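Peer 1: Assemble the whole structure, with the sequences as input and the hints as a guide.
Residues per chain are reported as follows:
Number of protein chains: 2
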Amino acid sequence: MAFANPSFLEIPESYLFATIAKKIAEERARVPDRAIIRMGIGDVTIPLPKACLDAMHAAVDEMGRAETFQGYPPYEGYAFLREAIAANDYRARGCDIAADEIYVSDGAKSDTANFTDLYGPENVIAISDPVYPVYLDSVRLAGFKASQIRFLPCTEAGGFLPEIPKETVDIVYLCSPNNPTGTAMNRAQLAAWVEYARNHGTLILFDAAYEAYVSTPDVPRSIYEIPGAREVAVEFRSFSKNAGFTGTRCSYTVVPKGLTARMKGGGTVDLGKLWLRRQATKFNGAPYIIQRGAAAVYTPEGQREVKERVAVYMGNAGRIRALFQSLGQKAFGGVDAPYVWVRVPDGFDSWGYFDHMLRTHGVAGTPGSGFGPCGEGWIRFTGFGNPADVDRLEGLIGR
Amino acid sequence: MAFANPSFLEIPESYLFATIAKKIAEERARVPDRAIIRMGIGDVTIPLPKACLDAMHAAVDEMGRAETFQGYPPYEGYAFLREAIAANDYRARGCDIAADEIYVSDGAKSDTANFTDLYGPENVIAISDPVYPVYLDSVRLAGFKASQIRFLPCTEAGGFLPEIPKETVDIVYLCSPNNPTGTAMNRAQLAAWVEYARNHGTLILFDAAYEAYVSTPDVPRSIYEIPGAREVAVEFRSFSKNAGFTGTRCSYTVVPKGLTARMKGGGTVDLGKLWLRRQATKFNGAPYIIQRGAAAVYTPEGQREVKERVAVYMGNAGRIRALFQSLGQKAFGGVDAPYVWVRVPDGFDSWGYFDHMLRTHGVAGTPGSGFGPCGEGWIRFTGFGNPADVDRLEGLIGR
Chain A
1 MAFANPSFLE
11 IPESYLFATI
21 AKKIAEERAR
31 VPDRAIIRMG
41 IGDVTIPLPK
51 ACLDAMHAAV
61 DEMGRAETFQ
71 GYPPYEGYAF
81 LREAIAANDY
91 RARGCDIAAD
101 EIYVSDGAKS
111 DTANFTDLYG
121 PENVIAISDP
131 VYPVYLDSVR
141 LAGFKASQIR
151 FLPCTEAGGF
161 LPEIPKETVD
171 IVYLCSPNNP
181 TGTAMNRAQL
191 AAWVEYARNH
201 GTLILFDAAY
211 EAYVSTPDVP
221 RSIYEIPGAR
231 EVAVEFRSFS
241 KNAGFTGTRC
251 SYTVVPKGLT
261 ARMKGGGTVD
271 LGKLWLRRQA
281 TKFNGAPYII
291 QRGAAAVYTP
301 EGQREVKERV
311 AVYMGNAGRI
321 RALFQSLGQK
331 AFGGVDAPYV
341 WVRVPDGFDS
351 WGYFDHMLRT
361 HGVAGTPGSG
371 FGPCGEGWIR
381 FTGFGNPADV
391 DRLEGLIGR
Chain B
1 MAFANPSFLE
11 IPESYLFATI
21 AKKIAEERAR
31 VPDRAIIRMG
41 IGDVTIPLPK
51 ACLDAMHAAV
61 DEMGRAETFQ
71 GYPPYEGYAF
81 LREAIAANDY
91 RARGCDIAAD
101 EIYVSDGAKS
111 DTANFTDLYG
121 PENVIAISDP
131 VYPVYLDSVR
141 LAGFKASQIR
151 FLPCTEAGGF
161 LPEIPKETVD
171 IVYLCSPNNP
181 TGTAMNRAQL
191 AAWVEYARNH
201 GTLILFDAAY
211 EAYVSTPDVP
221 RSIYEIPGAR
231 EVAVEFRSFS
241 KNAGFTGTRC
251 SYTVVPKGLT
261 ARMKGGGTVD
271 LGKLWLRRQA
281 TKFNGAPYII
291 QRGAAAVYTP
301 EGQREVKERV
311 AVYMGNAGRI
321 RALFQSLGQK
331 AFGGVDAPYV
341 WVRVPDGFDS
351 WGYFDHMLRT
361 HGVAGTPGSG
371 FGPCGEGWIR
381 FTGFGNPADV
391 DRLEGLIGR
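Protein sequences, first through last, are from chains A and B. Using our numbering, the first residue of the first sequence is number 1, and each one after it goes up by one. Using our numbering, the first residue of the second sequence is number 1, and each one after it goes up by one.
What the hints contain is simulated information worked out from the structure, not anything from laboratory work. Keep in mind it's a predicted model, so treat the numbers as computed, not measured. Fair warning: there could be bad hints in the mix.
Residues of chain B clear of chain A, computed beta-carbon distances all greater than 10 Å [stated by the list, open to error]:
id: 1; residue: Pro6
id: 2; residue: Ala191
id: 3; residue: Gly285
id: 4; residue: His356
id: 5; residue: Thr360
id: 6; residue: Gly398
Cβ pair distances, simulated, as ranges [to be verified]:
id: 7; chain 1: B; residue 1: Pro217; chain 2: A; residue 2: Ala66; range: 28 to 34 Å
id: 8; chain 1: A; residue 1: Glu67; chain 2: B; residue 2: Glu122; range: 47 to 53 Å
id: 9; chain 1: B; residue 1: Arg28; chain 2: A; residue 2: Ile149; range: 29 to 35 Å
id: 10; chain 1: B; residue 1: Phe80; chain 2: A; residue 2: Thr155; range: 44 to 50 Å
id: 11; chain 1: A; residue 1: Ala25; chain 2: B; residue 2: Glu67; range: 17 to 23 Å
id: 12; chain 1: A; residue 1: Ala66; chain 2: B; residue 2: Leu396; range: 20 to 26 Å
id: 13; chain 1: A; residue 1: Ala25; chain 2: B; residue 2: Ala66; range: 18 to 24 Å
id: 14; chain 1: B; residue 1: Glu122; chain 2: A; residue 2: Ser326; range: 21 to 27 Å
id: 15; chain 1: B; residue 1: Phe151; chain 2: A; residue 2: Lys273; range: 24 to 30 Å
All C-beta atoms in this analysis are idealised placements derived from N, C-alpha and C, irrespective of residue type, glycine included.
Peer 2: Pasting the structure below:
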């Protein structure tokens with residue numbers, strides 16, 4: 001009988017959000033007539049922008065006519081989408097990123113997890129604590145031993161920012177605006193990481209899935225706003241949280257030309273080529289219809305609709321933050337990110353407070369400890385729900 | 001600087017179909033006013049079935065209303081699609097496969113390649129020669145050493161079927177109806193593999209992406225038509241070749257309950273659980289809109305439209321086969337598969353004949369040697385083009 005990959009046996013049996021979903025299902029069975037206020041998983045609730053719907057209807061029609069029918073998509077995405085991304089998300093913001101440095105895919109989760117495939121497990125890789133669980137789980141699936149992983153504590157005392165290591169690490173995952181803590185790095189803080197990476201030959205895997213939520217002028221939306229970042233950073237972006245594509249599935253990854261990795265025998269290899277090789281072998285491109293929908297995000301109507309959605313979610317996040325602060329609980333985030341990071345009251349740990357909120361009020365957050373040991377004592381609430389849910393929450397626990 | 005995964009440096013720089021696309025582009029530049037007859041890559045040309053278009057239009061509308069909006073999809077696919085698959089593709093054919101054994105994904109290529117992640121590279125894995133290149137490339141990316149790979153020659157003398165090994169292999173990839181040779185295993189031939197697998201504890205990874213093209217009554221469409229196959233086989237299926245979803249991206253994999261892999265420390269682990277863990281960590285489900293389109297394949301109108309497409313493509317394949325046979329070249333396939341496997345004339349090797357056909361007639365096939373050493377001396381043509389292209393081919397080279 002075939003042997004299982006031992007790395008698969010080392011990650012936790014149950015993915016965090018699967019555990020939460022199970023607990024919510026149990027609570028619904030226990031109290032069937034109470035609607036759960038879901039502020040746990042970071043899933044959006046506002047329907048897709050009309051610009052995207054119109055574009056997808058048109059694309060469906062194109063798939064029904066021989067002259068416009070689309071077969072296999074390019075592995076790296078259609079030029080119409082890559083060019084719209086380069087023009088709007090980068091050149092319009094003064095970032096030197098070209099269309100052929102953009103690789104379209106089916107989700108930032110897939111990309112952040114699959115990018116790990118490109119690296120041998122002899123690298124030293126740094127990961128924040130608390131952290132989006134997929135980075136760590138995928139690093140473990142890739143066979144990285146615990147001794148190759150450095151955790152960077154993100155504590156209240158440090159403003160929830162990872163401290164730059166004294167030693168050299170080969171790869172570091174950074175996420176700003178941050179999931180789960182809701183904090184964001186300002187220009188100087190991000191520039192310090194770029195400088196570290198340039199001095200130590202470190203590759204930064206920069207997750208900017210929440211860039212649409214940045215409101216503070218001094219907070220970069222892309223790592224490429226920092227001079228020199230092209231030479232050290234890969235950036236992950238998504239249409240999930242700006243345009244509500246969580247169920248529509250489209251994202252992209254930027255791998256600047258000139259970024260390389262070392263070969264064991266000596267010499268270097270182009271990282272963009274390695275990524276394309278991975279995608280060409282183990283993926284076959286995102287659906288035409290979906291890529292047409294994503295491109296519509298960059299139309300004037302699409303941009304206006306994205307802004308409306310961001311405003312609603314940030315309105316929710318600001319109110320959640322204010323609500324917990326009014327109860328005397330510390331609460332962070334909710335300014336440049338749709339996440340609010342709330343201190344649990346004395347006498348609770350993260351899961352204890354999660355269970356308490358779920359069973360007492362029918363409110364589901366995400367226990368901070370699910371994101372790593374430094375998340376213990378905290379709980380994450382998301383602004384992605386309906387404003388009416390925030391009304392209900394205020395009615396249930398507000399003073 | 002981070003080290004690259006050395007496995008990535010061992011697979012060929014250029015994926016077969018990328019090389020062909022490059023040669024076609026060069027030929028178009030050389031002779032701009034001649035349309036290339038594309039019989040190389042297995043991409044379909046007939047627009048999507050109307051049943052699928054209607055279902056996707058309806059799903060796009062659902063994504064625009066708060067009451068019906070869909071966020072993150074289930075990792076394993078929506079119940080409506082998994083149940084339609086189980087009922088129509090399995091139970092209706094007497095196969096004992098349940099909806100919760102079906103895992104929906106974005107392509108059979110992704111699944112056949114990613115499934116390799118579940119296995120440690122200490123396994124011995126058998127692969128046909130010639131073979132769909134993705135199996136071999138993904139096995140190499142997963143770190144399997146050459147000494148762990150057994151090639152099973154598929155020659156004209158053996159009817160292009162892989163010979164059952166005398167030794168024990170842990171895993172074997174089988175593809176029937178076969179890409180690239182166009183041959184298909186009958187019931188007795190497939191039953192012999194199932195018996196071997198049961199006797200040797202071998203896992204069969206069965207690629208049935210071309211099952212819709214089976215016309216011979218004695219050729220199974222699913223490996224689960226063979227008694228006992230549930231205990232030894234995973235099956236990969238796709239909507240690409242029956243309903244034309246190459247650019248729409250939907251497929252599924254069947255992992256029967258009770259299938260297990262060995263753990264090094266002893267004991268076994270459930271394979272379906274491992275696959276779900278992989279998909280939950282490194283993938284996030286296929287788009288709602290696309291899964292609704294795929295489910296419409298199982299409506300009466302969808303089934304009728306699939307049959308129309310299969311009839312057109314098989315008409316092409318039969319004519320291509322007859323055309324080369326009329327020229328005195330051996331030609332196989334084209335009966336239970338849309339591929340025709342043609343012997344190149346004396347004096348040519350596979351790439352030489354490919355170049356000759358491209359430059360002389362503007363016809364692109366796929367060189368047999370691109371699928372493995374045993375493919376040398378053969379060329380693959382596909383029936384997925386327009387019947388008018390077959391007319392042109394007959395006019396160009398027919399007698």
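Peer 1: Run every hint past the structure and note whether it holds.
Peer 2: Evaluation of the provided hints:
With a minimum CB-CB distance of about 6 Å to chain A, B/Pro6 fails to clear the 10 Å threshold, and the non-interface call is violated. Annotated as non-interface, B/Ala191 keeps its C-beta farther than 10 Å from every C-beta of chain A; the closest such distance is 21 Å. B/Gly285, annotated as away from the interface, has a beta carbon of chain A within 10 Å; the closest lies near 7 Å. Residue-level check passed: B/His356 sits 26 Å from the nearest beta carbon of chain A, beyond 10 Å.
Consistency note on B/Thr360: stated as away from chain A, and its beta-carbon is indeed over 10 Å from all of that chain's, at 26 Å minimum. Against chain A, the non-interface label of B/Gly398 holds: every CB pair exceeds 10 Å, the least being about 25 Å. In this structure, B/Pro217 and A/Ala66 meet the distance hint of 28 to 34 Å, their C-beta atoms being roughly 33 Å apart. Range check, A/Glu67 to B/Glu122: about 52 Å between beta-carbon atoms, so the 47 to 53 Å window is met.
Separated by about 49 Å at the C-beta atoms, B/Arg28 and A/Ile149 break the suggested range of 29 to 35 Å. Between B/Phe80 and A/Thr155, the C-beta spacing of about 46 Å keeps the proposed range 44 to 50 Å intact. Distance hint check: the CB atoms of A/Ala25 and B/Glu67 are about 21 Å apart, consistent with the given range 17 to 23 Å. Checked against the hint of 20 to 26 Å, the pair A/Ala66 and B/Leu396 passes, with Cβ atoms roughly 22 Å apart.
The hinted window of 18 to 24 Å between A/Ala25 and B/Ala66 holds, with their beta carbons roughly 22 Å apart. Take B/Glu122 and A/Ser326: their Cβ atoms lie about 59 Å apart, and the range 21 to 27 Å is violated. Taking 24 to 30 Å as the suggested C-beta distance range, the pair B/Phe151 and A/Lys273 conforms, at roughly 27 Å.
Checked against the numbered hints above, the structure violates hints 1, 3, 9 and 14; every other hint is satisfied.
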